[in-house]
Amino acid sequence: MMNEYDVCIIGAGVVGCAAAMQLSKYDLNILVIDKEEDVCSGTSKANSAIAHAGYDAVPGTIKAKMNVRGAELIKQLSKTLDFSYIQNGSLVLCFDEADIPKLNTLYERGIKNGVKELSVITGDEARALEPAVSENAVAALYAKDAGIVCPFGMTYAFAENAAANGVQFSFLTEVKNVKKSDPGYTVVTDKGEINTKYVINAAGVYADVIHNYVCDDKIKITARRGEYVLLDREVGDLVKHTVFQLPTKLGKGVLVAPTVHGNIIVGPSAEDIDDKEDTETTAASTAKIKECALQSVPNIPYNKVITGFSGLRAHGGDDDFIIGETADGFFDAACIESPGLTSAPAIGEYLAMLISKKSGAALKTDYIAERKNIPHIAKMPPEKRTEMIKKNPLYGNIICRCESISEGEIVDAIRRKPGAVSLDGVKRRVRAGMGRCQAGFCTPATIAILARELGIPESEVTKNRPGSEQIKEKL
Amino acid sequence: MKYHDLVIIGGGPAGLAAAVSAHEAGVSDILILERDERLGGILNQCIHNGFGLHTFKEELTGPEYAERYIKKVLDAKIPYKLKTIAADISPEREILYVNGEEGAVTVKAGAIILAMGCRERPRGALGLPGYRPAGIFTAGTAQRLMNIEGQSVGKKVFILGSGDIGLIMARRMTLEGAEVCAVAELMPYSGGLNRNIVQCLNDFNIPLKLSHTVTQIHGKERVTGITISEVDEKRSPIPGTEEYFDCDTLLLSCGLLPENELSKSAGITLDRVTGGPVVDDRLQCSVPGVFACGNVLHVHDLVDYVSEEAERAGAQAASYLSGNSTADGYVKLYTGFGVRYTVPQMIDVKNMSEQTVVRFRVADIYRDKSIALYYGDKHVKKQKKRIMAPGEMEQIIIKKDSFTDGIPDSIKVCVED
Amino acid sequence: MKTYEITCIQCPLGCALTVSVDGEAVTVTGNTCPRGAEYGKKEVLHPSRTVTSTVAVTDGVLPRLSVKTKTDIPKEKIFDVMEVIRKTTVEAPVKIGDVIIENVCGTGADVIATKTVDKFRIQN
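Residue numbers (our numbering), protein chains in the order written: chain A, 1 to 475; chain B, 1 to 417; chain C, 1 to 124.
No lab work stands behind these hints: they were computed from the structure.
Even glycine gets a Cβ: it sits at the ideal position worked out from N, Cα and C.
Fair warning: there could be bad hints in the mix.
[Stated by the list, open to error] Partial pick of chain B residues on the chain A-facing surface, computed with a CB cut under 7 Å:
#	residue
1	Ala104
2	Pro122
3	Tyr131
4	Thr138
5	Arg144
6	Leu145
7	Ser152
8	Gly154
9	Lys155
10	Ser286
[To be verified] Lysine to any residue pairs mimicking SDA-like chemistry, simulated, CA-CA at most 20 Å apart:
#	chain 1	residue 1	chain 2	residue 2
11	A	Lys474	C	Thr58
12	A	Lys474	C	Gly60
13	A	Lys288	B	Leu126
14	B	Lys220	A	Glu4
15	C	Lys2	B	Asp203
16	A	Lys472	B	Gly150
17	B	Lys2	B	Gly289
18	B	Lys264	A	Asp237
19	B	Lys220	A	Asp237
20	B	Lys385	C	Thr50
21	A	Lys191	A	Glu473
22	A	Lys304	B	Lys2
23	B	Lys156	A	Glu473
24	C	Lys95	C	Leu45
25	B	Lys72	B	Leu53
26	A	Lys474	C	Lys2
27	B	Lys77	C	Thr116
Kindly produce the complete structure, drawing on both the sequences and the hints.
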């Protein structure tokens with residue numbers, strides 16, 4: 001790792017990668033570091049995958065601004081950077097006449113925040129839009145503009161576009177300290193020291209630790225665990241809209257939503273956790289979200305659950321994001337909880353604007369504005385598919401049956417920059433192993449492909465970070 | 001578009017036996033599509049013995065059993081394509097297959113036999129709480145890694161589920177030097193054969209913990225241990241019964257699910273209980289000319305029955321192709337007490353052959369009970385059984401000449417005293 | 001006199017057998033049929049098993065060859081036999097039924113191939 005940079009971004013989640021992507025338009029030397037083995041390994045990989053319309057945040061907050069701008073950017077970027085985004089609309093269900101004022105409050109917030117196409121509708125109107133909605137819903141806030149996005153796809157799109165424009169990545173690099181030095185900061189890591197003029201702190205649940213190395217006004221981030229269950233694509237037409245609920249007796253409320261890949265997601269729970277690595281699922285949380293969701297959609301076929309998972313949200317004290325230059329040359333993107341995924345591109349844009357101004361960096365003349373995703377061969381019409389296979393026969397060798405992913409696509413995932421180095425990295429990029437058999441069939445083949453492409457023995461292929469090797473030894 | 005009289009999806013035990021039988025019945029234009037690099041399917045990784053006692057009257061290993069049928073297919077020069085996946089089937093019997101050599105190719109079939117087999121129920125579907133570390137495998141995946149790829153998945157192993165694959169892997173891993181802590185089974189009885197409990201667990205002093213399940217998976221990167229709990233009659237964990245096991249691997253042998261995504265694309269009606277297509281006594285699905293056999297139809301206990309069923313499917317497809325496709329009205333088979341499902345689910349009594357084998361599984365362990373057959377309200381047949389268990393398939397034979405009072409409204413199979 | 005509690009595996013009934021051995025005299029109780037008595041006697045006096053495993057293959061289309069002992073071997077020799085199997089490497093091609101290890105551990109049983117593994121050729 002070279003150790004002199006203009007900008008060092010700590011954290012390769014969606015926020016760090018968005019900042020890298022936006023900053024890569026400028027003539028700057030940029031390094032993104034992350035303690036995990038790949039991009040998108042923390043909060044960015046385990047969330048609701050929603051592009052929120054922007055009626056949740058209190059008007060005037062940073063959250064409100066970033067949310068609305070972020071939602072706008074996602075629509076544009078999903079085209080230029082080729083990631084999955086669907087404008088499916090959302091409903092916030094209200095189950096009690098007495099709660100309708102709360103819907104109106106959300107409506108007014110939305111209008112103030114600049115959300116378009118927002119309306120309060122009756123229960124019957126909601127059921128006309130979304131027949132699966134419970135008879136008990138008396139009214140709903142309908143946001144036609146709300147969408148769903150692939151959180152992995154978006155993060156990889158940002159990372160790959162950044163890399164194409166010269167941004168470097170260093171993984172398995174954990175920050176131990178950030179010290180003021182001349183002319184900026186020294187980021188001390190377990191892999192050595194990095195000298196940089198500017199630091200962007202996009203460290204997710206650890207952003208408080210990074211912030212507190214540098215700033216006098218200390219902050220605290222609590223890891224708020226959210227658990228989800230994911231249902232088979234077979235029942236993917238259960239709902240078309242993202243169905244939220246107003247807080248109820250059962251708690252804050254959970255959502256039932258389609259994903260861009262055609263699954264159904266149910267969750268999250270909300271549990272404050274001391275351990276920032278604790279992404280366990282618990283029987284109690286699973287039961288709770290399942291029960292709570294039935295209030296919105298009474299007939300969720302839970303026998304079609306294919307997996308459950310937890311993510312940690314970086315919850316700060318003030319209920320707002322901390323974004324901006326909190327110390328000279330030190331830029332925070334901290335306390336990024338919901339709607340963090342939606343806001344990420346806007347946060348990146350804002351930080352890039354601040355740093356470009358401060359540094360006076362010029363725009364690149366050879367900037368690459370577009371990026372193409374790894375092709376999903378099985379989605380192509382047969383003639384096009386045949387053409388692709390004739391060019392690369394590996395596209396004809398299906399490895400993941402459930403999601404119809406070929407060896408060629410897995411190889412592409414590994415050879416991209418930054419590329420997959422683990423089973424989870426392959427899974428998040430091309431969905432091999434994300435289907436109903438949950439990698440039962442494809443694990444042996446994917447391990448063999450990773451070993452071959454990375455030039456390592458099968459026993460060194462990991463699920464994610466080191467220590468997660470699947471194979472113990474060769475017989 | 002190319003045409004074949006018969007396209008068989010899957011070159012495992014079901015597909016091979018169906019192909020041989022259809023060929024013997026005079027079908028000359030057959031194509032087998034197999035996704036793996038060789039014929040034989042899951043038998044290639046089932047290197048243990050115990051196969052073929054019914055079919056060949058001798059005890060074979062999985063690969064040896066497969067070899068017998070592969071030889072017949074080769075001798076009959078039945079064409080097959082390897083590393084070729086069927087990606088889609090239309091209700092008009094057009095099949096889209098994909099491989100590295102030809103690309104994506106659509107062929108039209110006169111008849112289709114579905115023989116895609118089944119898959120294992122994964123961790124996610126079981127809802128086991130805890131982290132998602134490396135070291136959790138379905139038993140069949142571990143078996144493939146070990147017996148085909150030559151890779152060992154763990155040193156200290158816990159197994160959840162006492163299905164036969166789990167039991168077989170307990171022995172296999174022990175023989176390769178791993179320590180198998182125990183096998184836990186949610187139900188109060190094992191889903192595996194007695195023989196496997198004796199020779200795979202008892203031989204190596206591996207405890208079988210009935211009415212237990214995994215209630216916590218420990219370890220963030222790699223499994224470091226698991227906690228199990230005893231379960232009550234409702235299969236809910238009983239607080240206070242937790243027991244911790246130090247291990248680096250968790251194998252899951254918690255049930256098999258017929259793989260019917262293609263059947264769905266063809267618009268074929270599925271049975272909610274079996275997870276496989278609804279078929280008539282010819283093993284024909286709801287889409288005419290499409291037949292099903294083996295584990296894609298319902299999960300079998302012995303491969304011998306898969307072969308037998310597949311041979312029937314092959315013969316029936318041949319008969320269909322020779323113009324024999326009249327159906328004069330079906331009589332539905334109902335399941336009474338103790339019977340979870342039947343295959344077939346309906347019989348064309350008027351056109352049925354001399355007899356038809358009805359296979360099913362029972363819902364619980366029954367000792368000294370009978371399998372009873374009713375036509376409408378009329379009691380037709382009773383078959384005494386010393387023991388019946390959910391882990392084993394049962395069967396009852398319906399003979400054409402037993403319909404002495406004409407065609408009944410319904411047929412019922414049940415367990416009774 | 002020694003007694004053994006074993007499960008009969010002759011049929012799904014799975015009778016719980018009690019086998020008593022007193023010098024030459026062996027008595028089996030708990031069985032439902034004569035096959036059970038026979039099984040109990042043999043399982044206590046001369047238990048035997050077929051061992052199935054894999055051996056390494058060089059130059060083959062597969063890295064492992066599945067094998068078995070052609071006949072049952074004494075149960076107490078299972079791990080000795082495994083030890084020999086584990087150290088064995090064969091060169092492709094191998095045909096199903098080929099003898100891989102003769103008279104393994106002096107049991108009188110050969111270890112034979114249960115699969116055909118062709119030689120690996122780079123395809124043009």
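Hints, one by one, checked against the model:
1. The beta carbon of Ala104/B comes within 4 Å of a beta carbon in chain A, closer than 7 Å, and the hint placing it at the interface holds.
2. About 4 Å separates the beta-carbon of Pro122/B from the nearest beta-carbon of chain A, less than 7 Å, and the hint is met.
3. About 5 Å separates the beta-carbon of Tyr131/B from the nearest beta-carbon of chain A, less than 7 Å, and the hint is met.
4. Here the hint on Thr138/B is kept, as its CB sits about 5 Å from the closest CB of chain A, short of 7 Å.
5. A hinted interface residue such as Arg144/B counts as satisfied when its beta carbon comes closer than 7 Å to some beta carbon of chain A; here the least separation is about 5 Å, so the hint holds.
6. Proximity of Leu145/B to chain A holds as hinted, the smallest CB-CB distance being about 5 Å (cut-off 7 Å).
7. Hint status for Ser152/B relative to chain A: holds, with the closest Cβ pair at about 5 Å, below 7 Å.
8. At about 5 Å, the closest approach between the beta carbon of Gly154/B and any beta carbon in chain A falls short of 7 Å, and the interface hint on this residue holds.
9. Taken as an interface hint, Lys155/B checks out: its beta carbon lies about 6 Å from the nearest beta carbon of chain A, inside 7 Å.
10. For Ser286/B, the suggested interface contact is broken, since its CB lies about 18 Å from the closest CB of chain A, more than 7 Å.
11. With a CA separation close to 14 Å, the supplied pair Lys474/A and Thr58/C stays within the 20 Å bound.
12. At roughly 16 Å between alpha-carbon atoms, Lys474/A and Gly60/C fall within 20 Å of each other, so this suggested pair holds.
13. Between the alpha carbons of Lys288/A and Leu126/B the distance comes to roughly 16 Å, so the proposed pair stays at or under 20 Å and holds.
14. Annotation: proposed proximity of Lys220/B to Glu4/A is violated, straight-line Cα distance about 34 Å (limit 20 Å).
15. Taking the CA atoms of Lys2/C and Asp203/B, the gap is about 19 Å. The hint holds against a cut of 20 Å.
16. Restraint check for Lys472/A and Gly150/B: the C-alpha separation of about 11 Å stays at or below 20 Å, so the hint holds.
17. For the proposed pair Lys2/B and Gly289/B, the alpha carbon gap of about 17 Å is at most 20 Å, so the pair holds.
18. With a C-alpha separation of about 15 Å, the suggested pair Lys264/B and Asp237/A falls inside the 20 Å cut-off, and the hint holds.
19. Proximity of Lys220/B to Asp237/A is assessed by CA-CA distance (about 34 Å); at most 20 Å being required, the pair is judged violated.
20. Taking the CA atoms of Lys385/B and Thr50/C, the gap is near 30 Å; set against the 20 Å cutoff, the hint is violated.
21. Our distance criterion of 20 Å between C-alpha atoms is broken by Lys191/A and Glu473/A, whose separation comes to about 28 Å.
22. The hinted pair formed by Lys304/A and Lys2/B fails the criterion: a straight-line CA distance of about 37 Å is larger than 20 Å.
23. Our distance criterion of 20 Å between C-alpha atoms is met by Lys156/B and Glu473/A, whose separation comes to about 13 Å.
24. Restraint check for Lys95/C and Leu45/C: not satisfied, since their Cα atoms lie roughly 36 Å apart, outside the 20 Å limit.
25. With a C-alpha separation of about 19 Å, the suggested pairing of Lys72/B with Leu53/B holds against the 20 Å cut-off.
26. A C-alpha spacing of about 43 Å is found between Lys474/A and Lys2/C, which places the hinted pair above 20 Å, so the restraint is violated.
27. A C-alpha spacing of about 19 Å is found between Lys77/B and Thr116/C, which places the hinted pair at or below 20 Å, so the restraint holds.
Of the numbered hints given earlier, the model fails hints 10, 14, 19, 20, 21, 22, 24 and 26; all others are met.
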